[in-house]
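Going down the list, the sequences are from chains A and B. Just so we're aligned, residue 1 is where the first sequence starts under the working numbering, counting upward by one. Just so we're aligned, residue 502 is where the second sequence starts under the working numbering, counting upward by one.
Hints were generated in silico from the structure; no laboratory data involved. Ideal Cβ positions, reconstructed from N, Cα and C, are used throughout, including at glycine. Certain hints may be false.
Said to hold, decoys possible - Far from chain B, some chain A residues (derived; all Cβ distances over 10 Å): (1) P98; (2) Q106; (3) L112; (4) P149; (5) N204.
To be verified - Using 20 Å as the maximum straight-line C-alpha spacing, the simulated EDC-like pairs for lysine to aspartate or glutamate come out as follows: (6) K688(B) <-> E729(B); (7) K494(A) <-> E743(B); (8) K438(A) <-> D950(B); (9) K960(B) <-> E315(A); (10) K704(B) <-> E729(B); (11) K437(A) <-> E716(B); (12) K323(A) <-> E743(B); (13) K456(A) <-> E728(B); (14) K494(A) <-> E707(B); (15) K437(A) <-> E242(A); (16) K456(A) <-> E729(B); (17) K688(B) <-> D705(B); (18) K773(B) <-> D754(B); (19) K476(A) <-> E737(B); (20) K437(A) <-> D363(A); (21) K946(B) <-> D156(A); (22) K811(B) <-> E114(A); (23) K736(B) <-> D497(A); (24) K970(B) <-> D363(A); (25) K764(B) <-> D705(B); (26) K960(B) <-> D363(A); (27) K761(B) <-> E737(B); (28) K335(A) <-> E315(A); (29) K771(B) <-> E444(A); (30) K68(A) <-> E728(B); (31) K690(B) <-> D668(B); (32) K847(B) <-> D837(B); (33) K686(B) <-> E576(B); (34) K688(B) <-> E575(B); (35) K494(A) <-> E729(B); (36) K690(B) <-> E730(B); (37) K761(B) <-> D837(B); (38) K811(B) <-> E770(B).
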Amino acid sequence: MTQKELRNQQLLQEANERTAQFFTRRHFLKESAMGFGALALGSLIGGCGFDTAGSVSTFDPAHPLAPKLPMFPGKAKSVIYLHMAGAPSQLELFDFKPDLMKLNGQDCPQSLLEGKRFAFIRGVPKMLGPQASFKQYGQSRAWISELLPHFSTIVDEVSFLKAVTTDQFNHAPAQLLMHSGSPRLGRPSLGSWVTYGLGSENQNLPGFVVLTSGGKFPDAGKSVWGSGFLPSVYQGVQCRSEGDPVLFIKDPQGMDRDLRKASIDAINAVNEQEYSEYHDPEILSRISQYEMAYRMQISVPGVMNINDEPDYIHEMYGTEPNKASLANNILLARKLVEKGVRFVQLFDWGWDSHGSDANLAIDIGFINKCRQVDKPMTALILDLKQRGLLEDTLVVWGGEFGRTPMQENREGKQNPFKGRDHHVDAFTIWMAGGGIKKGFCHGETDEIGYSAISGKVTPYDIQATILNQLGFDHEKFTYQFQGRPYRLTDVHGKLIDEIIA
Amino acid sequence: MVLSITEFIGHLHPVLVHLPIGILLLACLFLLLSQKQKFAYLRPVISMILLLGFLCAIATCVTGYLLSLAGEYEEGLVSLHQWSGISVAFFSGLTYLLHRKNRLVKWQMTVAVLLAILILTTGHLGGSLTHGSDYLSKPLHFHEDTTGTAKIRKPIADIQQAWVYADVVAPILEKKCYSCHSATKQKGKLRLDQADLIIKGGKDGEVIVPGKSTESILIKRILSSREEEHHMPPKEKPQLSEQETVLLQWWIDQGADFLKKVKDIPQTEKVKSLLTDLQKAPVEKKSSPMLPLQPVEEANPTAIQLLKDKGIVVIPVAQNSHFLAANFVAATDFHDADIRLLLPIKNQLVWLKIGSTPITDSAMIALSQCTQLTELQLDHTFITDKGLALLKSLENLQSLNLVGTKITSAGVLSLTSLKNLRNLYLFQTQIDKKDWNSLLKAFPKATLDSGGYSIPYIKTDTQVVKAPKTVY
Numbered sequence: 001m002t003q004k005e006l007r008n009q010q011l012l013q014e015a016n017e018r019t020a021q022f023f024t025r026r027h028f029l030k031e032s033a034m035g036f037g038a039l040a041l042g043s044l045i046g047g048c049g050f051d052t053a054g055s056v057s058t059f060d061p062a063h064p065l066a067p068k069l070p071m072f073p074g075k076a077k078s079v080i081y082l083h084m085a086g087a088p089s090q091l092e093l094f095d096f097k098p099d100l101m102k103l104n105g106q107d108c109p110q111s112l113l114e115g116k117r118f119a120f121i122r123g124v125p126k127m128l129g130p131q132a133s134f135k136q137y138g139q140s141r142a143w144i145s146e147l148l149p150h151f152s153t154i155v156d157e158v159s160f161l162k163a164v165t166t167d168q169f170n171h172a173p174a175q176l177l178m179h180s181g182s183p184r185l186g187r188p189s190l191g192s193w194v195t196y197g198l199g200s201e202n203q204n205l206p207g208f209v210v211l212t213s214g215g216k217f218p219d220a221g222k223s224v225w226g227s228g229f230l231p232s233v234y235q236g237v238q239c240r241s242e243g244d245p246v247l248f249i250k251d252p253q254g255m256d257r258d259l260r261k262a263s264i265d266a267i268n269a270v271n272e273q274e275y276s277e278y279h280d281p282e283i284l285s286r287i288s289q290y291e292m293a294y295r296m297q298i299s300v301p302g303v304m305n306i307n308d309e310p311d312y313i314h315e316m317y318g319t320e321p322n323k324a325s326l327a328n329n330i331l332l333a334r335k336l337v338e339k340g341v342r343f344v345q346l347f348d349w350g351w352d353s354h355g356s357d358a359n360l361a362i363d364i365g366f367i368n369k370c371r372q373v374d375k376p377m378t379a380l381i382l383d384l385k386q387r388g389l390l391e392d393t394l395v396v397w398g399g400e401f402g403r404t405p406m407q408e409n410r411e412g413k414q415n416p417f418k419g420r421d422h423h424v425d426a427f428t429i430w431m432a433g434g435g436i437k438k439g440f441c442h443g444e445t446d447e448i449g450y451s452a453i454s455g456k457v458t459p460y461d462i463q464a465t466i467l468n469q470l471g472f473d474h475e476k477f478t479y480q481f482q483g484r485p486y487r488l489t490d491v492h493g494k495l496i497d498e499i500i501a
Numbered sequence: 502m503v504l505s506i507t508e509f510i511g512h513l514h515p516v517l518v519h520l521p522i523g524i525l526l527l528a529c530l531f532l533l534l535s536q537k538q539k540f541a542y543l544r545p546v547i548s549m550i551l552l553l554g555f556l557c558a559i560a561t562c563v564t565g566y567l568l569s570l571a572g573e574y575e576e577g578l579v580s581l582h583q584w585s586g587i588s589v590a591f592f593s594g595l596t597y598l599l600h601r602k603n604r605l606v607k608w609q610m611t612v613a614v615l616l617a618i619l620i621l622t623t624g625h626l627g628g629s630l631t632h633g634s635d636y637l638s639k640p641l642h643f644h645e646d647t648t649g650t651a652k653i654r655k656p657i658a659d660i661q662q663a664w665v666y667a668d669v670v671a672p673i674l675e676k677k678c679y680s681c682h683s684a685t686k687q688k689g690k691l692r693l694d695q696a697d698l699i700i701k702g703g704k705d706g707e708v709i710v711p712g713k714s715t716e717s718i719l720i721k722r723i724l725s726s727r728e729e730e731h732h733m734p735p736k737e738k739p740q741l742s743e744q745e746t747v748l749l750q751w752w753i754d755q756g757a758d759f760l761k762k763v764k765d766i767p768q769t770e771k772v773k774s775l776l777t778d779l780q781k782a783p784v785e786k787k788s789s790p791m792l793p794l795q796p797v798e799e800a801n802p803t804a805i806q807l808l809k810d811k812g813i814v815v816i817p818v819a820q821n822s823h824f825l826a827a828n829f830v831a832a833t834d835f836h837d838a839d840i841r842l843l844l845p846i847k848n849q850l851v852w853l854k855i856g857s858t859p860i861t862d863s864a865m866i867a868l869s870q871c872t873q874l875t876e877l878q879l880d881h882t883f884i885t886d887k888g889l890a891l892l893k894s895l896e897n898l899q900s901l902n903l904v905g906t907k908i909t910s911a912g913v914l915s916l917t918s919l920k921n922l923r924n925l926y927l928f929q930t931q932i933d934k935k936d937w938n939s940l941l942k943a944f945p946k947a948t949l950d951s952g953g954y955s956i957p958y959i960k961t962d963t964q965v966v967k968a969p970k971t972v973y
């Protein structure tokens with residue numbers, strides 16, 4: 001008997017003993033009573049006709065990530081969502097307001113403050129003019145600031161939403177709202193909904209990958225890529241761009257691949273026995289997860305390695321291998337999408353330009369953040385384009401809210417550096433590829449960028465639009481939970497038809 | 502707004518109307534059934550049902566008449582509906598009397614069928630009044646534009662020479678307002694399909710104040726919040742786009758003239774560009790992404806399974822569609838000889854991603870038979886010009902990805918007959934730079950992407966801004 005078989009037998013024996021322990025008298029009583037009860041309940045519920053006609057995907061626990069059908073043919077097959085956590089200032093990047101310059105340094109008029117609440121501004125703040133100069137670019141004549149010199153060359157590829165609004169002025173709830181359709185915890189994230197609805201085209205990789213940079217997680221924590229009430233296999237898989245992409249992905253020293261396979265087979269054999277006894281679909285789900293993890297041990301390190309990329313790509317993205325950075329993550333996003341990953345979610349922290357210290361100053365740290373993102377995000381669009389992937393890939397860029405046209409005066413006192421407070425009434429998000437119009441701008445803010453005057457959209461509208469591009473009607477894409485069908489946009493959301501090509 | 506009592510009673514018509522329909526149809530059914538001995542026990546209740554139906558029909562006629570006084574509906578259709586409704590009431594009363602006196606026996610069948618037909622006709626006329634005469638048949642014409650009745654307009658060659666009302670304003674009103682405010686229906690007694698009627702206004706008075714769009718009810722209601730009661734169009738109906746609203750505002754602000762040409766009316770930059778947009782062909786319908794128009798039958802599941810066994814993802818492009826998309830991203834061990842596996846699904850296969858597989862020119866023989874293909878990715882394969890030339894049979898092809906292959910301009914030029922081709926990806930191919938211009942000329946309608954983009958290094962890319970030493 002080889003060592004492997006011996007080990008298998010030991011494992012099996014152990015499992016049998018466990019099972020034997022399980023069969024107590026109490027268990028027998030419980031099982032028989034519950035059994036009848038469950039039978040009765042099952043038929044009752046079945047008879048009630050729980051309607052899942054609206055929801056498209058039926059969850060197959062044995063193949064939770066198998067590719068599934070959209071409601072209608074979608075223009076986009078995958079999504080790359082670049083979230084600048086902390087919320088970048090629209091007034092220094094996209095929303096050019098020359099009139100705000102004229103008001104620079106003046107007291108903010110009372111009419112703008114009445115009935116408003118801010119995260120930090122108290123009393124009467126001063127207005128703060130744009131801290132960057134602007135020019136118009138491309139055939140679409142889009143206004144872009146000097147802080148994004150590379151991005152300004154590709155404005156004809158993107159659609160700007162200039163009048164996005166939200167109703168949450170703190171980071172965590174605003175991020176949750178943006179990604180899960182609710183400012184409170186517990187709802188599935190956009191990426192989870194998408195992988196739940198469409199599955200994944202590559203069974204060797206996760207369908208929903210999350211990459212973070214900037215030295216800090218988004219304030220809302222891992223819930224922004226959580227699966228909420230959807231089966232847990234749809235949560236985002238966080239990968240690292242430095243060291244092992246997934247922790248513990250390598251086999252421990254002294255364990256070779258065959259032994260790993262043997263142990264997984266043994267565990268699955270035990271699990272299959274469990275399943276034949278209890279018919280709990282979560283067990284099947286677990287079996288498929290073990291198998292996928294085994295496959296991922298080979299495929300993930302390959303796709304997550306940017307060292308093999310040619311030099312011209314590194315020059316284009318400004319990437320430096322073996323270093324955690326936003327640029328590396330953006331390049332990884334392209335590689336993942338190329339390999340059939342459905343949803344790549346990036347978070348980059350450090351955009352919270354209050355002016356409370358130099359890193360968070362609108363004329364210091366903010367400029368550095370812009371330099372970190374400008375080149376790689378431009379490269380991403382151009383690289384997807386030249387590979388013929390931009391047609392099928394929807395790229396979304398934005399923060400969780402905007403920033404005030406007023407300079408922040410934390411608790412009524414002047415901040416040491418120039419900065420702006422959180423602002424919910426107007427900010428900019430751009431989208432590109434995946435059937436979105438090229439070189440287009442939707443929505444307009446007033447003369448000082450304080451509030452939306454036309455083309456106002458909400459996070460729900462953006463979610464509805466993303467789902468639409470993937471082939472889902474956000475009003476019909478539901479999941480039955482706690483007795484009612486839930487949807488990503490809850491009771492809100494209107495497709496932003498204007499930006500759809 | 503206070504509803505007068507007659508108006509209120511009138512508004513009950515849509516509720517009451519279902520009672521006589523249901524009750525009298527039941528009576529018809531019982532009349533028919535009770536002829537059989539098996540259902541003879543139904544006979545005693547028929548009189549009762551007929552009486553009830555008759556009374557309800559009368560009540561419905563009265564409320565219907567009161568509703569029609571509001572005059573929101575097309576008169577011809579209303580009077581037809583009115584008289585057929587009255588005849589339902591009359592006929593059901595007559596049937597009741599005859600049935601009670603047992604005079605019906607012989608004619609029972611005929612009477613029941615007649616009464617049913619009369620009820621259904623009246624009901625249909627009523628439905629046409631509220632939902633429009635094409636409501637019932639609309640779902641059957643699914644290939645037509647869902648906006649329905651709008652006639653197809655010729656593109657405007659020069660917008661400045663066009664008529665401001667007839668060519669700019671009327672089309673907007675037609676698309677978004679006519680369904681409730683024109684000849685067939687006049688909600689709020691307002692018609693927007695003729696100049697004099699627009700000026701006349703509706704129940705709440707004039708709807709436009711020439712020169713003052715902000716005071717015009719028409720604009721006010723369009724601009725009001727969608728949740729507001731008076732918002733127009735009603736929130737469940739298609740809304741005006743921003744551009745349409747701006748153009749209406751502009752027209753009213755400039756005096757709401759019905760006879761001028763566009764060029765005779767002052768225009769701001771924004772309006773000018775919106776007007777120029779109208780010049781473009783009738784805006785292309787948002788086409789569903791790259792699918793043939795003709796539906797196909799379902800593919801053979803065994804053929805699909807064979808492909809799946811190779812690790813190839815093959816699934817329909819959407820629910821209720823038989824068109825298939827195939828993706829080789831996770832395919833293992835796929836070679837030229839296996840390409841024949843695609844042939845059984847060639848009628849359904851529309852999107853094919855076969856990039857980064859070791860297929861060569863000989864696979865193109867089979868691929869060239871998949872003529873339904875609209876999107877084909879052949880990037881990073883061993884295809885050459887020889888194989889590419891075979892693909893000129895793919896006349897539905899709209900997007901072709903040849904990135905990272907050995908093809909040259911000669912190969913690409915062999916595809917000029919593909920009239921539907923819109924995107925050609927040619928990054929990292931063997932195309933000579935000097936051939937590029939002739940390629941662009943050969944495909945006037947398509948976008949050819951040469952790739953090879955570079956992003957110049959700017960000094961600031963790697964510079965870090967630091968805080969000045971003394972800040973306070």
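For each hint, the structure was consulted:
At roughly 16 Å, the least C-beta separation between P98(A) and chain B is larger than 10 Å, which holds for a residue marked as non-interface. No Cβ of chain B approaches the Cβ of Q106(A) within 10 Å, the least distance being about 23 Å, so the stated non-interface status holds. The claim that L112(A) is not at the interface with chain B holds, since no C-beta of that chain comes within 10 Å of its own (minimum 21 Å). Here P149(A) does not stay apart from chain B, with its beta-carbon only about 6 Å from theirs, under the 10 Å limit.
With 10 Å as the threshold on Cβ separation, the claim that N204(A) sits away from chain B is violated: the shortest Cβ distance comes to roughly 6 Å. Annotation: proposed proximity of K688(B) to E729(B) holds, straight-line Cα distance about 17 Å (limit 20 Å). A threshold of 20 Å between alpha carbons decides the hint, and for K494(A) with E743(B) the separation of about 15 Å falls inside it, so the pair holds. Restraint check for K438(A) and D950(B): the C-alpha separation of about 15 Å stays at or below 20 Å, so the hint holds.
A distance of roughly 14 Å separates the Cα atoms of K960(B) and E315(A); the hinted pair therefore holds under the 20 Å criterion. Only pairs whose Cα atoms come within 20 Å are accepted, and K704(B) paired with E729(B) is accepted, the gap being roughly 19 Å. About 35 Å separates the Cα atoms of K437(A) and E716(B), which puts this hinted pair outside 20 Å; it is violated. As the CA atoms of K323(A) and E743(B) are separated by approximately 47 Å, the hinted pair breaks the 20 Å bound.
Under the criterion of a C-alpha separation no larger than 20 Å, the hint pairing K456(A) with E728(B) is consistent with the structure, at around 15 Å. About 32 Å separates the Cα atoms of K494(A) and E707(B), which puts this hinted pair outside 20 Å; it is violated. A C-alpha spacing of about 35 Å is found between K437(A) and E242(A), which places the hinted pair above 20 Å, so the restraint is violated. For the proposed pair K456(A) and E729(B), the alpha carbon gap of about 17 Å is at most 20 Å, so the pair holds.
Of the pairs offered as hints, the one joining K688(B) and D705(B) holds, with about 11 Å between alpha carbons and a cut-off of 20 Å not exceeded. Between K773(B) and D754(B), the direct Cα distance comes to roughly 15 Å. Compliance with the 20 Å bound is thereby established for this hinted pair. For the hint pairing K476(A) with E737(B), the CA-to-CA distance comes to about 16 Å; that is within 20 Å, so the pair holds. Annotation: proposed proximity of K437(A) to D363(A) is violated, straight-line Cα distance about 32 Å (limit 20 Å).
For the hint pairing K946(B) with D156(A), the CA-to-CA distance comes to about 19 Å; that is within 20 Å, so the pair holds. Restraint check for K811(B) and E114(A): the C-alpha separation of about 65 Å exceeds 20 Å, so the hint is violated. A C-alpha spacing of about 16 Å is found between K736(B) and D497(A), which places the hinted pair at or below 20 Å, so the restraint holds. Under the criterion of a C-alpha separation no larger than 20 Å, the hint pairing K970(B) with D363(A) is consistent with the structure, at around 14 Å.
Between K764(B) and D705(B), the direct Cα distance comes to roughly 33 Å. Violation of the 20 Å bound is thereby established for this hinted pair. Taken as a hint, the K960(B) and D363(A) pair is honoured in the structure, with Cα atoms around 18 Å apart against an allowance of 20 Å. Of the pairs offered as hints, the one joining K761(B) and E737(B) is violated, with about 34 Å between alpha carbons and a cut-off of 20 Å exceeded. Taking the CA atoms of K335(A) and E315(A), the gap is near 16 Å; set against the 20 Å cutoff, the hint holds.
Taking the CA atoms of K771(B) and E444(A), the gap is about 13 Å. The hint holds against a cut of 20 Å. With a CA separation close to 37 Å, the supplied pair K68(A) and E728(B) exceeds the 20 Å bound. Taking the CA atoms of K690(B) and D668(B), the gap is near 25 Å; set against the 20 Å cutoff, the hint is violated. Simply put, K847(B) and D837(B) have alpha-carbon atoms about 16 Å apart, close enough for the 20 Å limit, and the pair holds.
As the CA atoms of K686(B) and E576(B) are separated by approximately 9 Å, the hinted pair is consistent with the 20 Å bound. In summary, the hint linking K688(B) to E575(B) is supported, as the alpha carbons are separated by about 10 Å, within the 20 Å threshold. A distance of roughly 17 Å separates the Cα atoms of K494(A) and E729(B); the hinted pair therefore holds under the 20 Å criterion. Straight-line distance between C-alpha atoms of K690(B) and E730(B) comes to about 17 Å, which keeps the hinted pair within the 20 Å bound.
For the hint pairing K761(B) with D837(B), the CA-to-CA distance comes to about 67 Å; that exceeds 20 Å, so the pair is violated. Between K811(B) and E770(B), the direct Cα distance comes to roughly 59 Å. Violation of the 20 Å bound is thereby established for this hinted pair.
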